[in-house]
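Student: One letter stands for each residue in the lines below.
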Amino acid sequence: MEENITKKFEKIFREESDAVFRFCLFRVSNKEQALDITQEVFLRLWQSFKENKEILNFKAFIFTVARHLIIDWYRKKKSISLEGIMDNEKENFEYKYDLIDEKTRDSINIEAEGRYLLDKINKLTPTSQNPIYLRFVEDLSPKEIGNILGISENAASVRINRGLLELRKEMRYDND
Amino acid sequence: MISTNNVNYMQNKKIDKKINIGVKEIKQIKMTTGEKNFMLLKILNSPTLSNTHIKNPWSFHSFIFNLQKNRLIHYGFVPCMMIIFGSGVVIASQKSLPGNIFYPLKVKVVEPTYSRMMLSKESEARYESSLAIGRMVEAETLANQDKLDNEKERQLNDLLINHTNTLSKTLNDIPKEEESSDNKVKDNIIIEFQNQMNTHAQVLDDIREKNNTKIHDIEKDENNTNISDTARNNANKIKDELRNENRESDSDREQDRENQQREKDD
Chain A
1 MEENITKKFE KIFREESDAV FRFCLFRVSN KEQALDITQE VFLRLWQSFK
51 ENKEILNFKA FIFTVARHLI IDWYRKKKSI SLEGIMDNEK ENFEYKYDLI
101 DEKTRDSINI EAEGRYLLDK INKLTPTSQN PIYLRFVEDL SPKEIGNILG
151 ISENAASVRI NRGLLELRKE MRYDND
Chain B
1 MISTNNVNYM QNKKIDKKIN IGVKEIKQIK MTTGEKNFML LKILNSPTLS
51 NTHIKNPWSF HSFIFNLQKN RLIHYGFVPC MMIIFGSGVV IASQKSLPGN
101 IFYPLKVKVV EPTYSRMMLS KESEARYESS LAIGRMVEAE TLANQDKLDN
151 EKERQLNDLL INHTNTLSKT LNDIPKEEES SDNKVKDNII IEFQNQMNTH
201 AQVLDDIREK NNTKIHDIEK DENNTNISDT ARNNANKIKD ELRNENRESD
251 SDREQDRENQ QREKDD
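Taken in sequence, the protein lines are chains A and B.
Terminal number for the first sequence in the working numbering: 176, no gaps in between.
Terminal number for the second sequence in the working numbering: 266, no gaps in between.
Simulated from the structure, these hints should not be mistaken for laboratory data.
Watch out, some of these pointers could steer you wrong.
Covered stretches of chain B (in silico footprint by chain A; criterion: 3 or more residues with CB under 8 Å from a CB of chain A, positions within the stretch not fixed) [as the list claims (entries may be wrong)]:
#1 8 to 21
#2 26 to 32
#3 35 to 43
Here are the computed lysine-lysine pairs in the DSS-like style, where the Cα-Cα straight-line distance is at most 25 Å [what the hints assert, rightly or not]:
#4 30/B <-> 8/A
#5 123/A <-> 152/B
#6 42/B <-> 11/A
#7 121/B <-> 11/A
#8 121/B <-> 108/B
#9 11/A <-> 108/B
#10 36/B <-> 108/B
#11 108/B <-> 95/B
#12 36/B <-> 50/A
#13 36/B <-> 7/A
#14 121/B <-> 42/B
#15 264/B <-> 169/B
Residues of chain A clear of chain B, computed beta-carbon distances all greater than 10 Å [what the hints assert, rightly or not]:
#16 6
#17 17
#18 38
#19 47
#20 56
#21 146
#22 155
#23 167
#24 168
#25 172
Bear in mind the structure is a predicted one, so any value in this text is a computation, not a measurement.
Glycine included, every Cβ here is placed at the ideal spot set by N, Cα and C.
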């Protein structure tokens, strides 16, 4: 039983750890911090396994935990009032995809097109940034995105489509 | 001529291709194998959260804090504690002797309360009798321990007189109906009281003699009263009262008979 849980967890960790790491890295823009948050995400998953908690969708679970931990990290980092966070949460930092800092850039090899795409995602309306990133970069389904963001599947689909149109528009200007 | 739709389609295709390249490049960002293995090892060896709660070293203070905060607990807890402490004190006072801090509580609060709770005058009289006997037992216990000093003896003496007076009053208050249901109830209580008083007075004297206490010296002391003598006197007093009462009732009956005779003659 214990062995099965460990094997199952290892499989999920091998498959999803990079995605979670990226998701964290583009928000906190610090490799060490991203590693810490990734570890915390999988630690919580492991503890849920140990306590035999039922998890219907592992991907949704780990990205939801990651999203909440990032929000917590921003709260600590920015030292702003809770009311301020609640008011400006969505607009200001939850959907913010920071460009990687110089130190991290040196240690991580990110190509020009990738950096360009991140930059363009960052320019999207806040409500579209996460759905676009999760749909096209991490290949999550609208249902999973809905679960992570706490919205319905339909609302997630609408945000993805609007975001894609917006992204194309942004990129077209540069091509023209 | 190329239509606008076609231009848009071509542009979108080009953009989508660019997006795909960007996505591929982003996906290249990964943790190193070393980082992954280290993280996995750390997670798998992490201490598992126990379901049992860690005992709070400040639990007592938290309890008091909750008590102050929560009105419902406050109103429930305080009466409960009062009942628990109150009953504890009452139980502790039951075995107390003169000189003990609980003794005043016993003779001034607990015993009068019990007495008032008696349902009939007969049971009240019996209870008063048992209290007077109890005082004698206390005196014997103290004498046996050689702790019966003048002050304690005076205290017991006063209490004994009070009990006897109350007993006498209670016996007089026994209603006629109750008396008629069992004519010998009063007699029994008085005889039992008299016997017990005389017996305990004798026992107390014996203990004193055994302890070589100078009874005569105590008797000589003007401020002091010998409790065994008080016991005997009280026993006689109660007996005399009963005798007087019987005489009065006999004379009443005789007078009634004379009156009836006169009425017949008339």
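Student: Mind listing which of the numbered hints don't hold for this structure, in increasing order?
Tutor: 5, 7, 9, 10, 14, 15, 16, 17, 18, 19, 23, 24 and 25
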